[in-house]
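Student: Residues per chain, in single letters:
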Amino acid sequence: MAVIQIQDVEKIYKGKVHALRGVSIDVMDGEIFGLLGPNGAGKSTLVKILMTVIHASKVSGTLLEKPIGDRKTLEYVGYLPEHHRFPYYLTGKQVLHHYGALSKVSRNDRDSRAYSLLERLGLSGWEDKKVNTYSKGMLQRLGIAQALMNDPKLLILDEPTDGVDPVGRREIRDLLAELREEGRAIFLNSHLLSELEMVCDRVAIMVKGQVTLQGTIDSLTKDSKRYELNIEGTLPEWAKEQCDEINENLLIVHGDDPQKIQPIIDRLRSDHCTILSVRPVRENLEDLFMRAVDYTDTPGAVK
Amino acid sequence: MMQFKALLLDAYRQLSAAKLFWLTIGLSTLVVLLYGSIGFDKNGVTLFYGLWDVESKELNAGSPWARGLYIGIYSSFLVNIWLAWIATVLALISTCSIFPEFVHSGSIELTISKPIGRLKLFFSKYLVSLLFVVLQVTIFCIGIFLCVGFRVGDWNPMIFSAIPIVTIFFSYLFSVCVFVGMLSRSGITALLVTGVFWMGLWSVQTAESIMNNFITRYKVDIEHFEEGLIKSEAALAIIEEKSPDDSRIEGRRTRIANFRTDIEESKEALAKLDGWHGPISWILTISPKTSQTIGLLDRWLSDPDGFDIGAIMNGDMEAFYEDIEDMEEIDSTTRGARERETMRRMREDYETRSLWYVLGTSLLFEGFVLGLASCYFCRKDF
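So the protein sequences, as listed, match chains C and X. Under the numbering used here, the residue at position 138 of the first sequence is numbered 138, and the numbers go up by one with no gaps. Under the numbering used here, the residue at position 321 of the second sequence is numbered 624, and the numbers go up by one with no gaps.
Simulated from the structure, these hints should not be mistaken for lab results. Predicted model only: the values in this text are computed from it and were never measured. Incorrect hints may appear among the rest.
Claimed, not checked - Each computed BS3-like pair below joins lysine-lysine, with the alpha-carbon atoms no more than 27 angstroms apart: (1) X:Lys-345 / X:Lys-360; (2) X:Lys-683 / C:Lys-14; (3) C:Lys-58 / C:Lys-16; (4) X:Lys-423 / C:Lys-72; (5) X:Lys-683 / C:Lys-72.
As the list claims (entries may be wrong) - Just some of the chain C residues that point at chain X, by a computed CB distance under 10 angstroms: (6) Met-28; (7) His-97; (8) Val-105.
Unchecked claim - In silico negatives: residues of chain X with every beta carbon more than 12 angstroms from chain C: (9) Gly-554; (10) Leu-576; (11) Val-672.
Quick reminder that beta carbons are idealized off the backbone N, C-alpha and C, glycines included.
Next up, chain C with everything else stripped away, as it sits in the complex (with noise of 0.2 angstroms):
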């Protein structure tokens, strides 16, 4: 089932900011979905836009199976804004409760899921403090708890990370991989490639207000599967025919099958080359991301 399931969003600002221009994107329950891009991209946008913020320009789709902008749904959503602020004379455990009351979240509920949620997240001992005691990575992980405070079917965090060290975010990567086994879908937008190839099942990438590439990682970097290996001295001349690519000391070979560089490696032994490494490649999130994003036009929203 597709949790967000949304085609052709729009969104012009008045400043007549294209900032969406026909996007379209699938995210299905159980997965966790990251949404890449560079600054302006229009990431935030389009979040907003389903978490109702924002008004789009056009949009057609839904959000666990129920229109767009449809205020009732939101109850089983979970959001994380980006640069959030929680009310300066609230605790944490004030926090959980004022949203979860937002929420329609009962009670009960309120108070047995505070507790448990401020464990989770680490931040025991802290449910009494004013949230202006509060690090920068202590309001993230309150942040992600008051997005779970209404127990989502679907969890929006925009750069759920962002000011957390090293150690939160490991734990961060942990629990939404805990969350992903409970079933939930989980919408990640985050600038931290590699935060993101560690736990996500699919991404997209946008550039200028349009999804350039969506699919699964590997199947995102199938066509750079490639395997390199390093000679040591002069490179025999029959390498260049036989290999796709040669840098140097470096022969490339497209493709993942093994079976292919076997032929190559044989040859090389019977001609007494000294094989340094024989080294499986394949693009990382980083350089797909890099060769999505054409740095060479500035980056944003198109105007």
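Start from chain C and add chain X according to the hints.
Tutor: Quick look at chain X alone, frame taken from chain C:
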């Protein structure tokens, strides 16, 4: 309802976290304590809990004037000066940043992404933001109620009518504060614009009141002059009939001519004033009537048998003297009589203005401003 309760609780926490809230509560308590320090015994008035005695034959324990004075101090001074000015300014300072904070980037996304409609959210937030004034005035009224009860034995529940009256009065200004705060996202800007708006309202109301005073005075003058003219003409006719050579005839004719001139001049002045008064009355009709709203309390609390301090402050000495003859001894001149009549009519005019005129039209204005603000809030991309 759960969401409204959450917003209400949040508003209370926000207020209780503000030092100004407690400062205002403290000042209100001080005002109530000062008010309570005024008492009456059989010899007269006691001040500062008996530290200072003022002997009086009229104002003493059990006298209806004592009751009138005591309630009059509340309705004419404490409400008009403390609640309607000082406490309102403090309330505006305390609450001006509520909506700018509410729509601040990072906060608003958390709230409007919840399953609550924007319109419901806006009006719920607006209503709970009035909590500051409701709490302040309620605490103040409880104190005043106890003071009046213990001091003059009048357990008057109408004292609590200040709660809705002052809250409604504050809401006229707060609606503007909310609208500007939403547009500018700045509490200071909202406060300044609201202050200017309040001064504007005060100016319009004062101008209307002054013009109304002149118009009423000219009307009274014309009536008196016409009455004088009729009497003088009748007297002249009698004199002329009895003795055509009477030396008083010339004097009477001069007086009649003077009356006619005065009537003409008054009518001319009245016509000029009417030309100005019309537009100002229109502006007043469509704008919030802050003074008249607060004046409702004085109207509802005034004691027909007692000492009406509000009326005395307005120059109506009739309120102080039970016997009209006493009054005439003090104020027996024709000008004095005309002024007294002017004040009486003006007071009657304001007191007979309907609740619809005072509250209805003011609330319509507030509704219009809130309509604009809510429309902006519902359509805005945050």
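Student: Decide, hint by hint, whether the structure agrees.
Tutor: Status of each hint after checking the structure:
no. : hint                  : result
1   : X:Lys-345 / X:Lys-360 : 9 angstroms, holds
2   : X:Lys-683 / C:Lys-14  : 11 angstroms, holds
3   : C:Lys-58 / C:Lys-16   : 14 angstroms, holds
4   : X:Lys-423 / C:Lys-72  : 14 angstroms, holds
5   : X:Lys-683 / C:Lys-72  : 20 angstroms, holds
6   : Met-28                : 22 angstroms, violated
7   : His-97                : 8 angstroms, holds
8   : Val-105               : 8 angstroms, holds
9   : Gly-554               : 80 angstroms, holds
10  : Leu-576               : 48 angstroms, holds
11  : Val-672               : 23 angstroms, holds
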